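Student: Chains as they are written, first to last, in my numbering: chain A, 1 to 263; chain B, 1 to 263.
Since the hints were derived computationally from the structure, they do not count as laboratory data. Be aware that a few hints might be false.
[To be verified] Cβ-Cβ distance ranges computed for the label pairs, FRET-style:
id: 1; chain 1: B; residue 1: 157; chain 2: A; residue 2: 52; range: 30 to 40 Å
id: 2; chain 1: B; residue 1: 79; chain 2: A; residue 2: 152; range: 48 to 58 Å
id: 3; chain 1: B; residue 1: 208; chain 2: A; residue 2: 108; range: 23 to 33 Å
[Said to hold, decoys possible] Below, in silico cross-link-like pairs of lysine to aspartate or glutamate (EDC-like), each with a Cα-Cα straight-line distance of 20 Å or less:
id: 4; chain 1: B; residue 1: 150; chain 2: B; residue 2: 181
id: 5; chain 1: B; residue 1: 150; chain 2: A; residue 2: 263
id: 6; chain 1: B; residue 1: 150; chain 2: A; residue 2: 166
All values derive from a computational prediction rather than experimental measurement. C-beta atoms are modelled at their ideal positions from N, C-alpha and C, and glycine is treated no differently.
Number of protein chains: 2
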Amino acid sequence: MTPTPVTGRVTVVGLGPGSPDSCSPEVRDLLEDASDWVGYGRYLDLAADIVEPTGQAMHRTNNRVEAERARHALDLAVEGGRVVVISSGDPGVFAMASAVMEQLDADRTLASAIEVTVHAGISAAQAAAARAGAPLGHDFCVLSLSDNLKPWALIERRLDAVGAADLVVALYNPRSRHRPDQFGLAVDVLRRHRGDTTPVVVGRSVGRPGESVRVVTLGQLAEADVQAEVDMATVVIVGSSQSTTIERAGREPWVYAPRSHPD
Amino acid sequence: MTPTPVTGRVTVVGLGPGSPDSCSPEVRDLLEDASDWVGYGRYLDLAADIVEPTGQAMHRTNNRVEAERARHALDLAVEGGRVVVISSGDPGVFAMASAVMEQLDADRTLASAIEVTVHAGISAAQAAAARAGAPLGHDFCVLSLSDNLKPWALIERRLDAVGAADLVVALYNPRSRHRPDQFGLAVDVLRRHRGDTTPVVVGRSVGRPGESVRVVTLGQLAEADVQAEVDMATVVIVGSSQSTTIERAGREPWVYAPRSHPD
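Please put together the full structure from these sequences, using the hints given.
Tutor: This is the structure in structure tokens:
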């Protein structure tokens, strides 16, 4: 198969958690050099705080239209655009990289016709973990609690498996207005395997204005008032049996996963 | 408890995968501002490629002495140093953040006496994933295959659990000269749950000179000659039942995890 000559390009980038000083120079350069910025409106605003736009065409879309957004980006590249598709965090973690790949998969001639690259960023879970110490310092899992695109039964099955395997777990999309009660069900599954004193990091909007990082116990996480503070801008990191807290004067305690595990 | 006045500080930083343009500006600034650089020699060299040293004291240590290195960094801070502890990738993922926390835990007066902060970086798994497409685009696990600090039986149990839960898994420290055969055992555990056509990303030294990213199948990963290419500088990402490849003319195929799962 002779590939169609490359016209434009799509670069799928992650801004990192939000503050300009956590975005990689590579991504900054790609934002500057682009002809088109494509993304959820709020992430385009974040990008504009990192790199002053200099005439790039802005393609702002609503949340939850990832497939259309990805296809639009590829179409702009076919027309010759240097298109950046913008996610916060890492585009490879519950973000736009998979959506772009799905569109390439659906129209495989594009996979050879358009130059596509993906550029990682610091994820929300990593940013929350850094603030709290080292809760992801050893074996861990990253799960989304959203059942928009997978059945809830699979989510419970995965939580049960990682609970039984004593893995630290970082939960994305933990709780929304449309599904306020599933988070409690997820906590119940983990409590089958972990004690109520297990440390939990609740990180919200880390790296952005209004950031908060709280350390609670798994027992507290089962309480309604603690759950009420958890939303879609929150990452929740539930420790393993080995996760440990270290008290600090006047601050939230450190949480870390030891490097060793006695089994 | 009245905390002892803060003297120096320890900042635990991650350089990202290696190339200067993937290191965050925040970490760059911390490297510049430090009085002391502490780390495995190779990582100090990487840091010097990112920020020209301007008289910082260099504390180069061998690999595998994380506890002593962390304690030394804290001691330098007690003496008033502005100490950076340097990891490649993310210091919070199988790197120095947990080692520093362990030392604070062992001498808890230090936790209030010294200013300690952790600053995330793009991890090796994220860098390899970005090169390959979006293999970590949905629920995934990150496991180390090193049994230096945990029993091999626990590693097999975790592999079995994440295999049964159909989670993508990124394997760190997959294979060393001292344990050349355990990697094959790990592959065997995953093959109990996944078909031989499951896509696998084998990323070596991503972001550094000599980088290679290969896409193989899980069946191929069971072969000795493929395993022989896997070493401690390699991250191996084994897909789920849903992971998909997209052929590209003249290149390794893309690998991605779809956003949806039918269960």
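Student: Okay, which hints does this one fail, numbers in order?
Tutor: 1
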